[in-house]
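As given, the protein sequences belong to chains W and P, one line each in that order.
Take the first sequence: its letter number 109 is residue 109 in the working numbering, and every next letter is one higher.
Take the second sequence: its letter number 376 is residue 545 in the working numbering, and every next letter is one higher.
One should not assume that every hint holds.
With a straight-line Cα cutoff of 30 Å, these simulated DSS-like cross-link-like pairs (lysine-lysine) come out [as the list claims (entries may be wrong)]:
1) 607(P) <-> 466(P)
2) 152(W) <-> 607(P)
3) 612(P) <-> 110(W)
4) 516(P) <-> 152(W)
5) 466(P) <-> 502(P)
DEER-style ranges, computed between Cβ atoms [to be verified]:
6) 156(W) <-> 200(P): 29 to 35 Å
7) 462(P) <-> 24(W): 36 to 42 Å
8) 28(W) <-> 228(P): 49 to 55 Å
9) 603(P) <-> 155(W): 22 to 28 Å
10) 343(P) <-> 46(W): 28 to 34 Å
11) 17(W) <-> 195(P): 37 to 43 Å
12) 119(W) <-> 545(P): 36 to 42 Å
13) 418(P) <-> 28(W): 26 to 32 Å
14) 195(P) <-> 46(W): 29 to 35 Å
15) 228(P) <-> 152(W): 30 to 36 Å
16) 534(P) <-> 71(W): 46 to 52 Å
Chain P is nowhere near these chain W residues, computed Cβ spacing over 12 Å in every case [stated by the list, open to error]:
17) 12
18) 19
19) 21
20) 60
Calculated from the structure, these hints are not laboratory results.
C-beta: ideal position from N, C-alpha, C; glycine also.
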Amino acid sequence: MKAAISSSSAAQPLSPADRAQLEQALARYREHPGPLLQVLHAVQERLGYVPDAAIAVIAESLNLSRAEVHGVVTFYHHFRRTRPGQHVVQLCQAEACRAMHCETLTAHVKRRLGIDFHETTADGRFTLEPVYCLGNCACAPSAMIDGELHAKVTPERFDALLAQQEARK
Amino acid sequence: MSVTVYVPADATALSLGAQSVAEAMAAEAGRRGLQIKLVRNGSRGLFWLEPLVEVATAAGRHAYGPVTAADVPGLFQAGFLEGRAHPLHLGPTEEIPALKSQQRLTFARVGVVDPGSVEDYVAHEGYAGLRRALTMAPADIVAAVTQSGLRGRGGAAFPTGIKWQTVLDQPPQQKYVTCNADEGDSGTFADRLLMEGDPLSLIEGMTIAGLATGATQGFIYLRVEYPHAHRALNRAIGAAYAAGYLGPDILGSGRHFDLEVRLGAGAYICGEETSMLESLEGRRGEVRVRPPLPAVKGLFGQPTIVNNVISLASVPVILQRGAAFYRDFGSGKSRGTMPLQLAGNVKRGGLFERAFGMTLRELLYDYGGGTASGRPIRAIQVGGPLGAYLPESQFDTPIDYEALSGIGALLGHGGVVVFDDTVDMAGMARYAMEFCAKESCGKCTPCRIGSTRGG
Ligand SMILES: Cc1cc2nc3c(=O)[nH]c(=O)nc-3n(C[C@H](O)[C@H](O)[C@H](O)COP(=O)(O)O)c2cc1C
Ligand code: SF4
Ligand code: FES
Chain W
1 MKAAISSSSA AQPLSPADRA QLEQALARYR EHPGPLLQVL HAVQERLGYV
51 PDAAIAVIAE SLNLSRAEVH GVVTFYHHFR RTRPGQHVVQ LCQAEACRAM
101 HCETLTAHVK RRLGIDFHET TADGRFTLEP VYCLGNCACA PSAMIDGELH
151 AKVTPERFDA LLAQQEARK
Chain P
170 MSVTVYVPAD ATALSLGAQS VAEAMAAEAG RRGLQIKLVR NGSRGLFWLE
220 PLVEVATAAG RHAYGPVTAA DVPGLFQAGF LEGRAHPLHL GPTEEIPALK
270 SQQRLTFARV GVVDPGSVED YVAHEGYAGL RRALTMAPAD IVAAVTQSGL
320 RGRGGAAFPT GIKWQTVLDQ PPQQKYVTCN ADEGDSGTFA DRLLMEGDPL
370 SLIEGMTIAG LATGATQGFI YLRVEYPHAH RALNRAIGAA YAAGYLGPDI
420 LGSGRHFDLE VRLGAGAYIC GEETSMLESL EGRRGEVRVR PPLPAVKGLF
470 GQPTIVNNVI SLASVPVILQ RGAAFYRDFG SGKSRGTMPL QLAGNVKRGG
520 LFERAFGMTL RELLYDYGGG TASGRPIRAI QVGGPLGAYL PESQFDTPID
570 YEALSGIGAL LGHGGVVVFD DTVDMAGMAR YAMEFCAKES CGKCTPCRIG
620 STRGG
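Same shape as in the complex, but just chain P (with noise of 0.2 Å):
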């Protein structure tokens, strides 16, 4: 009998080794005469135990983390195909408290499939949500995502229900989905987590966009820096062709949807949604006039949707779940659950899902434990390098839109970057300076980046 073994080719978990640990395992199992099947998942997000290697047991799935090449002989020494113990033994992988304490509802799937298994993805509720909006009216699926209260995760916060009824109401024609994955701001690896550890939860939200506003037409705009992500969604992508997911008859109901990655080229701009639709059209990224707005007169010309990745993948369990259950998620105005990440100067790095409403303090020092460097926090940056620096009497703020706003900060696309009191705070300011005149594209209908430069 063979067993499971995990070992994920996360980004993360390989510039941290996991390859070599993958290769470890083969060579030892095979050493040892014994059958391993090795699954190669996505991250759980949980940075600081990468390279988590995991078995499926009797009893569940075990993890051990964070494991070397050095380690793996040791490991099966130790029994841990049967989840037996060691050093490095971490227990049952859901029972982590840094994992348990997590609400994860886009990334449920993230770190558990395997990333190009349409069968995988089944297997774990995937495309319950595309089979529910089949059979419901396109105005029923937009009224969905509006009940559900989601809202743009991309930065702006701007409710995605509103935005696909504008392209729902467009007269019939070509109509698009377009997907941000431009995911320019440092302290953010989210939307990268998700495409390659769950990207068909992606694909299958950009589905259900299609259905819900008739386009029958979707392009993830993916940054060039993410090599292992493009990987990633390219075998999801065509493996969802072959299972009947994607193209012109999806699961036999004669509706269609296609789907293509294409690749931005290193311009920070390029995240703002019209710069990213002119370069989707081969051009310089430069920030078109609004109106019109892109829903109505977005890529080429037609009404086009304009999400980001996190967006796009909440969908699926709203429709699967219903709008009510995801609402109830939150607090305020701030509805459903937030991909928060972690990182720069911090022990405990990395993506943890949670509802609206805890505070940055819990997320910085609970899930966190301070700085990698043991010495204080001296401030924060939040919402990337259009967003502000906080210092520690603000920590008691709640992670929502309106909290954060409320203080004169932005939540943007949920990266948080710690900084020890080492910093040179005016070092930074320079550094923001610098890089705001670098990737200016030159235009000036001034967003965000013309604000910064204080222009």
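Pulled out of the complex, with its shape left as it was, chain W reads as follows (with noise of 0.2 Å):
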């Protein structure tokens, strides 16, 4: 832990546009009881992620220590600590995907963006993370793609829908 909050004091210094998305995340939920997961959310939906330098800034604001906001951020599988790629690919990977061999799915997807999970793409335009049911099991393989929600991926109709994804920017 001491570890990972010595390198977040060595983060790279937000920009002034991400900056001033924080302050207007702070201004809308500090007031809140027990805010620090609302704030969060808000971070992620402006940004992306969660950067490092934001976590003091966070911190101060909320009159938390570093490490507690660190403590949760790492806590909580949906928070991303390092910018996407333009386009989010989630692939579920829970058991009635299972039953429907989400694996053969997974491996498909791994090998066309050539990037593992948690990881995005050289061109920066995907970003692959793995999610534990998206309550769409009776329609398995489940995936979602920037929000959207897919049933029964195939490997051909996941290749299509990128293709859709391509298209559209």
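The two chains are supplied separately, each in an independent frame; assemble them into the complex guided by the hints.
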């Protein structure tokens, strides 16, 4: 934990735009009871992740220690600590999707994008993440791409979805 | 005259193409110069028929499905707006055998109503339970819930009325009603389906819980993996405020209840109630030592009800129709109905609400139709990662809390995941170990995750 904290103090400074977003998130939720999770959600929604440099700012604003904020950020799988790619691809890994052999899809996607889970392609276009149930378990395997849910995703269907997504941007 | 056409906006229906179907409907109607009113309802839960399009005809609602955007011109051509024949025509919706044979008490309105409309909700007997509750003493509301036999649908099956009584018994002070909408078990989606398809029944149930215990603030703790439910809840909460069903003076009664949604952040353990409370307070979701019970010292140290979505959404019908009506469904000590969820390698997956007592075999074969792959069922997982894998030899077990614990299983939240004979059981066991290790909160007052890990 110590190492992580010192690395966060050596963190890349926030850009003025990011800093402004962070201030807005804080202003919106600071007065709520137990606001930390809401602040972190708001930061990730605006910036796509929770930068290390934000931790000290949040801690000071909410009157918490940096270790506390860091502890919360790292406890929850949802919070990213690095900037994601343009598109976020989430593949369900839980039991009902396994019953429909989601491992085959996972292997295909990793090969296709050339990355493992929690990684971003070199061109910054795609980030790949595992997810543990999307509540779409009767139409497995499930995937979510940029918040949009997809059912019965075969490797072929994934490639088609990817092509669609590329066409959009 | 405009005809009402229903195209679900439920996440599963959308994942199967419902949005392009809705757009095609609007476009085709426009091309033909026809007036249609598109309602984006929830899903009826018969997922092999999604996207399931319905049309309101003079003879009631007729269903067509599964519909693709490419089918839409043909449907118009065949006269589906009058409920005419077409290869995808399923007849009157309520007569579809898999729906007709259900006993939908909690899910009565899901897939039927426009989930964002208080007016539609009230037209379908919504808020009748709250109106009744507003005329009752708190202790009588709690007594009705106790007498209904309702037990927590989140997994632990604890009697809901007893929990409420403890909160009512605490001296007047700030009290809370919290809804556990973390739905972390694979193979479960009842909470999601309800929150997207009939969120007002959850809102009504929480409001009644507030009246029953003197709690004036509610929180729904929703998993972040459910963005569609998040939007549906916020929309319905906004509509309930606008219509005077939430806020400082509910329906002019002088009673007060506020409600908001808070998002989780992808931690399975936050479905455990004390961990959920920690998370609601903005901290790491570490399990709290008990006692004190949340009903005595819960959120921010105040008396707090923690109930699952389905438990709370079952309360309106209990208040409306009476405890005896609800209790008359079920078997043994498992009273009422249970929304069962059939998932994984299954031919006809979905949600089936039935009184307790049906066997696993009936669920798997009569409703489910066996596996999607057509191969034999090798095993089923009941009760999520903390539950058990059951072989074929146990499929004649009735679905009730006691019968399942009698064979060392757990009904949990009512999810059943089907595996065919190609499953690698050792691989599944390895996955379960890894999942529990990854999701452990690291504190250890042994909750079930600990025992699953063997520690
Ligand atoms: C590890 C673990 C995970 C749980 N996950 C959930 C969940 O996702 N949703 C839920 O309602 N209850 C869950 N529970 C049960 C809750 O602790 C609690 O019993 C329940 O929310 C109480 O509501 P009920 O009485 O209405 O079921 C979980 C329990 C444990 C031990
Ligand atoms: S068993 Fe695991 S998850 Fe449960 S309290 Fe202990 S460490 Fe936390
Ligand atoms: S297990 Fe994959 S969506 Fe539920």
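In rising order, the numbers of the hints this structure does not comply with: 3
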